[in-house]
Amino acid sequence: MSAPAAGVPAILYCHCQYAQVVPPEVKAAVLKQLCDSNLPFEAVPDLCELSARRDPSLQRLAAAGPLKIAACFPRAVKWLFAAANAPLTPGTTEVLNLRTLPAADAAAAIVHPDLTPNLPTGKVTQADAPASSSTPSF
Amino acid sequence: MALTDTQLRVVLYEGTGAAPIESDDRLTAVRSLLERGFGVTRAGAARPLAPADPSPLLVVGRWQDAPPATEPNIRWQSFDLPNLANAAEAARSGFAAPTPGAWKPWFPVIDYDRCTNCMQCLSFCLFGVYGVDTAKQIQVQNNDNCKTNCPACSRVCPEAAIMFPKYKAGPINGDVVSDSDLNREKMKIDISALLGGDVYSLLRDRSERARSRFGKERDSDKALAERQKCLTKLAALAGDIPPEVLMSLPSPEEIARKAEEAAAKAKAALANS
Ligand code: SF4
Ligand code: SF4
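Chains as they are written, first to last, in my numbering: chain A, 130 to 267; chain B, 1195 to 1467.
Bear in mind the hints are in silico, worked out from the structure with no lab data behind them. Certain hints may be false.
To be verified - Here are the simulated lysine-lysine pairs, BS3-like style, with alpha carbons at most 30 Å apart:
id, chain 1, residue 1, chain 2, residue 2
1, A, Lys161, B, Lys1298
2, A, Lys161, B, Lys1459
3, B, Lys1452, B, Lys1330
4, B, Lys1298, B, Lys1452
5, B, Lys1330, B, Lys1298
6, A, Lys252, B, Lys1459
7, B, Lys1362, B, Lys1298
8, B, Lys1298, A, Lys252
9, B, Lys1461, B, Lys1330
10, B, Lys1459, B, Lys1298
11, A, Lys252, B, Lys1330
12, B, Lys1362, A, Lys252
13, B, Lys1452, A, Lys161
14, B, Lys1330, B, Lys1459
With the hints as constraints, model all of the structure from the sequences given.
So, in structure tokens, the structure goes:
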């Protein structure tokens, strides 16, 4: 796991609206935490749809500096952005996997000011998997 | 509506010149907008309002003075929770922005850290989802041609480089790839068997037999029943390819023609690379 990146990260939350792959209680906890906080954030209904549309907002987000994304598997998110000509910067991007993180951990992680970059680089294999997928990254 | 049109974004503005919104109202607003398919930006004083991209915007807030005049791709409105989703819908339609959720975003996403540009996916897909870019690199070009819930091309990729982020299980959903994934039989469906052998020849044979029989009987219901029976068998052979996807396959003749075209395209890309 890389060292925390400098700078307060911008926040992007994906609601995965058109599939049931993210547990609803995790989405609810993360969204509530964001709305209770005083932080600015971006929330999108479905990152997959934006990627398929090559939506220019992905380029804006990818260029925004340090970025914390609550969505799904980091490998999928990395290549969804790349497919929209909006490559994420590995050193300044952290992806929280709402498919595997417990609700409380995901909610705490999204508003945490530290950023722990975790975009995969190179071929991702079993050796790159976190020791436990339920362990928060801080 | 083209898949390239930009969607409406709603900005909840709580910076200078606007009173804050209570957190419960904020949550209700954001959730209802997301559920209706609208992106939301919660902006405070520290965040610039000018859009850095061409997305049309609806900016809502509890304005202390009259909101600024409307600019070409920005509408300003007072925060009115019960009517917010309808206001967003009216703005979307006013900007002629695409209707969100009209298409389930199901399409292959390539992990280029793994991809070896072997073109098996391009040869395999009968629906023209794949193509090559100017550098002859494989590319997903027609996302919306992909058959919803069908992960078949990820099965033919020898490198497990094709993801469907909304798929239920790894590594197709983007989870890490294990050695056993690469060695597993389902990751190595023999493409020639799929295109020219077992599956499609079964489809062709059965269809030909059916055609000669039904040519005499002239019973289209029976012909359809025969095709359905055949496709159910194919579904069993091809794993988790949904029956409705198999039902929407073109005729055997079309399949043969498309397979030849795709194979020629892949061969040309490989020859020139
Ligand atoms: S990026 Fe992941 S969480 Fe977001 S819509 Fe796609 S599959 Fe769902
Ligand atoms: S089959 Fe896999 S490795 Fe081959 S070109 Fe397609 S994505 Fe790349």
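30 Å limit on alpha-carbon distance, applied to hinted pair lysine 252 (chain A) and lysine 1330 (chain B): OK: lysine 252 (chain A) and lysine 1330 (chain B) at ~21 Å, within 30 Å.
Hint consistency between lysine 161 (chain A) and lysine 1298 (chain B) [alpha-carbon to alpha-carbon, up to 30 Å]: holds (26 Å)
Given hint lysine 1298 (chain B) paired with lysine 1459 (chain B) - CA-CA distance at most 30 Å: holds (28 Å)
Satisfaction of hint between lysine 252 (chain A) and lysine 1298 (chain B), Cα-Cα up to 30 Å: With a Cα-Cα distance of about 29 Å, the restraint between lysine 1298 (chain B) and lysine 252 (chain A) holds, given a limit of 30 Å.
30 Å limit on alpha-carbon distance, applied to hinted pair lysine 1298 (chain B) and lysine 1452 (chain B): holds (25 Å)
Given pair status - lysine 1459 (chain B), lysine 161 (chain A), alpha carbons within 30 Å: Not OK: lysine 161 (chain A) and lysine 1459 (chain B) at ~50 Å, beyond 30 Å, violated.
Pair hint lysine 1452 (chain B) and lysine 161 (chain A), alpha-carbon separation not exceeding 30 Å: Given that 30 Å is the threshold and the Cα spacing comes to 49 Å, the pair is violated.
Proposed proximity, lysine 252 (chain A) with lysine 1362 (chain B) (alpha carbon, max 30 Å): Measuring from Cα to Cα gives roughly 21 Å; hence the hint holds.
30 Å Cα cutoff - pair lysine 1362 (chain B), lysine 1298 (chain B): holds (15 Å)
Given hint lysine 1330 (chain B) paired with lysine 1452 (chain B) - CA-CA distance at most 30 Å: Holds, at about 20 Å.
Pairwise hint evaluation, lysine 1330 (chain B) against lysine 1461 (chain B), where the allowed Cα distance is 30 Å at most: At roughly 11 Å apart (the allowed maximum being 30 Å), lysine 1330 (chain B) and lysine 1461 (chain B) satisfy the hint.
Given pair status - lysine 1298 (chain B), lysine 1330 (chain B), alpha carbons within 30 Å: Holds - the C-alpha atoms of lysine 1298 (chain B) and lysine 1330 (chain B) are around 29 Å apart, at most 30 Å.
Checked against the numbered hints listed earlier, the structure breaks hints 2 and 13; every other hint is satisfied.
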